[in-house]
Amino acid sequence: MDDYTVHIVDDEEPVRKSLAFMLTMNGFAVRVHETASSFLQFAPSIRNGILVTDLRMPDMTGVELIRRLTESRAKIPAIVITGHGDVPMAVEAMKAGAIDFIEKPFEDTIIVDAIQRAAGQLSEKLIDVEDMTEVQTRLESLSDRERQVLAAVVSGLPNKSIAYDLDISPRTVEVHRANVMSKMKAKSLPQLVRMAIAVGFSIH
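Heads up, the sequence shown is in UniProt numbering, so the first residue is 1 and it goes up one at a time.
I should point out that these hints are in silico values taken from the structure, not numbers from a laboratory.
Among the clues, some could well be false.
To be verified - Taking lysine-lysine and the BS3-like style, the derived pairs with C-alpha atoms no more than 30 Å apart in a straight line are: (1) 104 / 17; (2) 183 / 160; (3) 160 / 75; (4) 75 / 17; (5) 185 / 104; (6) 183 / 104; (7) 75 / 95; (8) 95 / 183.
What the hints assert, rightly or not - What follows is a set of in silico ranges between Cβ atoms, one per label pair, in the way DEER data are often shown: (9) 45 / 174: 46 to 52 Å; (10) 70 / 38: 38 to 44 Å; (11) 75 / 198: 32 to 38 Å.
We put the CB at the ideal spot given by N, CA and C, even for glycine.
Whole structure, please, built from the sequences with the hints as guidance.
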(Lines of atoms letter the chains of each structure in order from A; the text may use other names.)
(Lines give C-alpha, C1' and ligand atoms only; values in the text may rest on other atoms or scores of the structure.)
Protein backbone atom coordinates (compact mmCIF):
# COMPACT_ATOMS: atom_id res chain seq x y z
CA MET A 1 0.00 0.00 0.00
CA ASP A 2 1.35 3.46 -0.89
CA ASP A 3 2.50 5.89 1.76
CA TYR A 4 -0.68 7.72 2.67
CA THR A 5 -3.15 7.74 5.57
CA VAL A 6 -6.94 7.55 5.37
CA HIS A 7 -8.55 10.00 7.80
CA ILE A 8 -12.08 9.07 8.89
CA VAL A 9 -14.27 11.88 10.22
CA ASP A 10 -17.57 10.72 11.73
CA ASP A 11 -19.33 11.68 14.95
CA GLU A 12 -20.65 8.13 15.51
CA GLU A 13 -18.10 5.95 17.27
CA PRO A 14 -19.44 2.56 15.99
CA VAL A 15 -19.19 3.84 12.40
CA ARG A 16 -15.64 5.12 12.94
CA LYS A 17 -14.53 1.87 14.51
CA SER A 18 -16.10 -0.46 11.94
CA LEU A 19 -14.85 1.58 8.98
CA ALA A 20 -11.37 1.90 10.47
CA PHE A 21 -11.23 -1.85 11.15
CA MET A 22 -12.34 -2.73 7.61
CA LEU A 23 -9.83 -0.37 5.98
CA THR A 24 -7.01 -1.53 8.25
CA MET A 25 -7.78 -5.13 7.29
CA ASN A 26 -7.51 -4.04 3.65
CA GLY A 27 -4.01 -2.72 4.25
CA PHE A 28 -4.65 1.01 4.71
CA ALA A 29 -3.06 3.23 7.35
CA VAL A 30 -6.01 4.80 9.17
CA ARG A 31 -6.57 7.63 11.64
CA VAL A 32 -9.98 8.51 13.11
CA HIS A 33 -11.37 11.91 14.13
CA GLU A 34 -14.50 12.44 16.23
CA THR A 35 -15.38 15.86 14.83
CA ALA A 36 -14.83 17.93 11.71
CA SER A 37 -13.40 20.71 13.88
CA SER A 38 -10.71 18.47 15.38
CA PHE A 39 -9.76 17.25 11.90
CA LEU A 40 -9.47 20.83 10.61
CA GLN A 41 -7.01 21.66 13.38
CA PHE A 42 -4.96 18.60 12.43
CA ALA A 43 -5.24 19.09 8.63
CA PRO A 44 -2.30 21.52 8.14
CA SER A 45 0.13 18.84 9.35
CA ILE A 46 -1.16 16.20 6.90
CA ARG A 47 1.16 15.46 3.98
CA ASN A 48 -0.25 12.41 2.21
CA GLY A 49 -3.82 12.03 3.42
CA ILE A 50 -7.22 11.06 2.09
CA LEU A 51 -10.37 12.19 3.87
CA VAL A 52 -13.46 10.01 4.29
CA THR A 53 -16.18 12.04 5.97
CA ASP A 54 -19.82 11.72 6.85
CA LEU A 55 -22.05 14.48 5.49
CA ARG A 56 -24.23 15.06 8.55
CA MET A 57 -22.36 15.89 11.74
CA PRO A 58 -23.38 18.09 14.68
CA ASP A 59 -20.47 20.54 14.70
CA MET A 60 -20.03 21.03 10.95
CA THR A 61 -21.44 19.41 7.82
CA GLY A 62 -19.20 17.46 5.47
CA VAL A 63 -19.85 20.14 2.84
CA GLU A 64 -18.63 22.91 5.14
CA LEU A 65 -15.58 20.84 6.12
CA ILE A 66 -14.58 20.40 2.47
CA ARG A 67 -15.15 24.10 1.76
CA ARG A 68 -12.88 25.01 4.67
CA LEU A 69 -10.20 22.60 3.41
CA THR A 70 -10.46 24.06 -0.10
CA GLU A 71 -10.19 27.60 1.24
CA SER A 72 -7.06 26.66 3.17
CA ARG A 73 -5.66 25.07 -0.01
CA ALA A 74 -5.13 21.77 1.76
CA LYS A 75 -4.44 19.10 -0.84
CA ILE A 76 -6.45 16.33 0.79
CA PRO A 77 -8.74 14.41 -1.61
CA ALA A 78 -12.13 14.00 0.05
CA ILE A 79 -14.75 11.25 -0.20
CA VAL A 80 -18.13 11.84 1.41
CA ILE A 81 -20.46 9.17 2.79
CA THR A 82 -24.13 9.98 2.43
CA GLY A 83 -27.31 8.51 3.82
CA HIS A 84 -30.56 7.96 1.95
CA GLY A 85 -31.96 11.18 0.52
CA ASP A 86 -28.75 13.17 0.92
CA VAL A 87 -27.66 13.07 -2.72
CA PRO A 88 -28.29 16.84 -3.26
CA MET A 89 -25.99 17.52 -0.30
CA ALA A 90 -23.40 15.14 -1.75
CA VAL A 91 -23.55 17.03 -5.06
CA GLU A 92 -22.90 20.26 -3.13
CA ALA A 93 -19.88 18.56 -1.53
CA MET A 94 -18.54 17.66 -4.98
CA LYS A 95 -19.03 21.23 -6.16
CA ALA A 96 -17.05 22.29 -3.08
CA GLY A 97 -14.20 19.98 -4.05
CA ALA A 98 -15.02 16.41 -2.95
CA ILE A 99 -13.91 13.87 -5.52
CA ASP A 100 -16.49 11.18 -4.81
CA PHE A 101 -19.53 10.28 -2.75
CA ILE A 102 -20.75 6.91 -1.56
CA GLU A 103 -24.31 6.12 -0.58
CA LYS A 104 -25.10 3.97 2.48
CA PRO A 105 -25.27 1.06 2.72
CA PHE A 106 -22.19 0.25 0.66
CA GLU A 107 -20.01 -2.77 -0.04
CA ASP A 108 -16.45 -2.69 1.29
CA THR A 109 -15.07 -2.81 -2.26
CA ILE A 110 -16.91 0.42 -3.17
CA ILE A 111 -15.07 2.52 -0.60
CA VAL A 112 -11.76 0.73 -1.18
CA ASP A 113 -12.01 1.54 -4.90
CA ALA A 114 -12.89 5.18 -4.13
CA ILE A 115 -9.85 5.52 -1.84
CA GLN A 116 -7.59 4.04 -4.49
CA ARG A 117 -8.93 6.55 -7.04
CA ALA A 118 -8.24 9.33 -4.54
CA ALA A 119 -4.69 8.01 -4.11
CA GLY A 120 -4.26 8.47 -7.86
CA GLN A 121 -4.93 12.18 -7.36
CA LEU A 122 -2.34 12.31 -4.59
CA SER A 123 0.25 10.98 -7.01
CA GLU A 124 -0.61 13.74 -9.48
CA LYS A 125 -2.78 11.52 -11.66
CA LEU A 126 -6.14 12.85 -12.77
CA ILE A 127 -9.03 11.30 -10.88
CA ASP A 128 -11.16 11.35 -14.00
CA VAL A 129 -9.51 9.36 -16.75
CA GLU A 130 -12.13 10.51 -19.25
CA ASP A 131 -10.79 13.03 -21.72
CA MET A 132 -12.80 16.23 -21.24
CA THR A 133 -13.28 16.64 -24.99
CA GLU A 134 -14.78 13.15 -25.13
CA VAL A 135 -17.07 13.89 -22.18
CA GLN A 136 -18.22 17.11 -23.88
CA THR A 137 -18.95 15.14 -27.06
CA ARG A 138 -21.02 12.64 -25.08
CA LEU A 139 -22.90 15.53 -23.46
CA GLU A 140 -23.68 17.06 -26.84
CA SER A 141 -25.12 13.74 -28.01
CA LEU A 142 -27.94 14.03 -25.45
CA SER A 143 -31.36 15.24 -26.53
CA ASP A 144 -32.86 18.32 -24.88
CA ARG A 145 -35.08 16.10 -22.73
CA GLU A 146 -32.13 13.90 -21.74
CA ARG A 147 -30.18 17.01 -20.70
CA GLN A 148 -33.13 18.07 -18.54
CA VAL A 149 -33.19 14.64 -16.93
CA LEU A 150 -29.40 14.72 -16.47
CA ALA A 151 -29.60 18.08 -14.67
CA ALA A 152 -32.32 16.74 -12.37
CA VAL A 153 -30.58 13.41 -11.71
CA VAL A 154 -27.21 14.91 -10.80
CA SER A 155 -29.01 17.38 -8.53
CA GLY A 156 -30.27 14.36 -6.59
CA LEU A 157 -33.95 14.51 -7.48
CA PRO A 158 -35.85 11.18 -7.36
CA ASN A 159 -37.59 9.89 -10.47
CA LYS A 160 -41.07 10.83 -9.19
CA SER A 161 -40.05 14.45 -8.67
CA ILE A 162 -38.40 14.60 -12.10
CA ALA A 163 -41.53 13.14 -13.67
CA TYR A 164 -43.72 15.75 -11.95
CA ASP A 165 -41.44 18.66 -12.88
CA LEU A 166 -41.18 17.61 -16.54
CA ASP A 167 -44.81 16.45 -16.77
CA ILE A 168 -43.87 12.96 -17.94
CA SER A 169 -44.38 9.51 -16.43
CA PRO A 170 -41.86 7.97 -13.97
CA ARG A 171 -41.36 5.15 -16.45
CA THR A 172 -40.36 7.66 -19.14
CA VAL A 173 -37.90 9.21 -16.68
CA GLU A 174 -36.37 5.77 -16.14
CA VAL A 175 -35.90 5.33 -19.89
CA HIS A 176 -34.29 8.77 -20.28
CA ARG A 177 -32.11 8.15 -17.22
CA ALA A 178 -30.87 4.85 -18.66
CA ASN A 179 -30.15 6.56 -21.99
CA VAL A 180 -28.18 9.31 -20.23
CA MET A 181 -26.06 6.79 -18.30
CA SER A 182 -25.42 4.85 -21.51
CA LYS A 183 -24.56 7.85 -23.68
CA MET A 184 -22.35 9.40 -21.01
CA LYS A 185 -20.72 5.99 -20.36
CA ALA A 186 -21.23 6.48 -16.64
CA LYS A 187 -21.15 3.41 -14.40
CA SER A 188 -22.55 5.18 -11.35
CA LEU A 189 -24.25 8.36 -10.20
CA PRO A 190 -21.06 9.75 -8.58
CA GLN A 191 -19.18 9.23 -11.85
CA LEU A 192 -21.96 11.00 -13.75
CA VAL A 193 -21.80 13.92 -11.31
CA ARG A 194 -17.99 14.11 -11.62
CA MET A 195 -18.23 14.30 -15.41
CA ALA A 196 -21.00 16.92 -15.34
CA ILE A 197 -19.05 19.14 -12.92
CA ALA A 198 -15.76 18.66 -14.81
CA VAL A 199 -17.20 19.99 -18.08
CA GLY A 200 -19.13 22.79 -16.40
CA PHE A 201 -22.60 21.37 -17.03
CA SER A 202 -25.15 23.54 -15.25
CA ILE A 203 -26.48 21.78 -12.14
CA HIS A 204 -29.27 23.58 -10.35
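Results for each hint:
{"no.": "1", "hint": "104 / 17", "result": "16 Å, holds"}
{"no.": "2", "hint": "183 / 160", "result": "22 Å, holds"}
{"no.": "3", "hint": "160 / 75", "result": "38 Å, violated"}
{"no.": "4", "hint": "75 / 17", "result": "25 Å, holds"}
{"no.": "5", "hint": "185 / 104", "result": "23 Å, holds"}
{"no.": "6", "hint": "183 / 104", "result": "26 Å, holds"}
{"no.": "7", "hint": "75 / 95", "result": "16 Å, holds"}
{"no.": "8", "hint": "95 / 183", "result": "23 Å, holds"}
{"no.": "9", "hint": "45 / 174: 46 to 52 Å", "result": "48 Å, holds"}
{"no.": "10", "hint": "70 / 38: 38 to 44 Å", "result": "19 Å, violated"}
{"no.": "11", "hint": "75 / 198: 32 to 38 Å", "result": "18 Å, violated"}
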